[in-house]
Amino acid sequence: AQSVAQPEDQVNVAEGNPLTVKCTYSVSGNPYLFWYVQYPNRGLQFFLKYITGDNLVKGSYGFEAEFNKSQTSFHLKKPSALVSDSALYFCAVRLPLSGSARQLTFGSGTQLTVLP
Amino acid sequence: DGGITQSPKYLFRKEGQNVTLSCEQNLNHDAMYWYRQDPGQGLRLIYYSQIVNDFQKGDIAEGYSVSREKKESFPLTVTSAQKNPTAFYLCASKPTAGGGTGELFFGEGSRLTVL
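In the order they appear, the protein sequences are chains X and Y. The opening position of the first sequence corresponds to residue 1 in the working numbering, with each subsequent residue numbered one higher. The opening position of the second sequence corresponds to residue 1 in the working numbering, with each subsequent residue numbered one higher.
For the record, the hints were derived by calculation from the structure and aren't laboratory data. Heads up, the beta-carbon is just placed ideally off N, CA and C, and yes, glycines get one too. One should not assume that every hint holds.
[What the hints assert, rightly or not] Calculated lysine to any residue pairs in the SDA-like style (CA-CA distance at most 20 Å, straight line):
1. X:K49 with X:F63
2. X:K22 with Y:P39
3. X:K22 with Y:N26
[To be verified] Over 12 Å on every C-beta distance to chain X, these chain Y residues come out as not near it, computed from the model:
4. G3
5. Q6
6. F12
7. D59
8. G63
9. K71
10. A81
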């Protein structure tokens with residue numbers, strides 16, 4: 001069975017400071033890893049993904065995520081936070097050969113609040 | 001513009017009533033999905049469909065039903081058998097059901113409140 005853990009329900013950071021939203025996973029094999037973002041009362045939006053290759057994945061708005069196989073982590077980071085980054089962030093994992101989205105597992109989400 | 005349209009955005013229901021949530025996509029995607037979102041619990045898969053006229057139960061299918069008569073449409077019915085239906089419901093689609101590196105595309109969600 002595969003699982004995703006987002007150990008922090010809430011992350012608060014001051015504007016201009018670096019931010020990290022943590023994600024660890026448990027899966028047999030080499031996973032595909034995703035970050036999605038959700039704004040209040042909206043659907044999820046795809047943010048970035050790791051499939052293969054460079055462990056550092058760059059996304060939009062200065063975000064990046066680092067795949068660390070030895071620590072089974074895929075933390076989302078940004079060097080300087082903006083108030084507009086405030087949102088609910090979901091990490092998700094899927095095995096490459098899985099046949100359907102039934103095999104896509106989401107974490108419980110982390111609410112990021114950037115304080116002005 | 002291509003995308004997924006969910007309706008209604010907000011819905012109130014009395015106990016004992018069935019309600020149907022609409023999900024329409026014009027992305028020409030084969031696979032469609034319904035998720036339920038509750039605070040602090042992430043997303044849980046209700047039903048999914050990989051092709052027209054076919055669908056499978058997800059992890060929390062009890063009290064729900066779906067149909068997939070057209071590629072573009074995947075309505076979800078919340079029946080009176082669903083014990084705790086108040087939640088935010090999300091529809092999603094994906095170009096193909098099998099494998100691939102593609103991500104899910106989500107609608108804007110429907111918030112159901114049982115009075």
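Structure-based check of each hint:
no., hint, verdict
1, X:K49 with X:F63, "holds (12 Å)"
2, X:K22 with Y:P39, "holds (18 Å)"
3, X:K22 with Y:N26, "violated (34 Å)"
4, G3, "violated (10 Å)"
5, Q6, "violated (8 Å)"
6, F12, "holds (15 Å)"
7, D59, "violated (8 Å)"
8, G63, "holds (19 Å)"
9, K71, "holds (16 Å)"
10, A81, "holds (22 Å)"
Hint violations for this structure: numbers 3, 4, 5, 7, all remaining hints satisfied.
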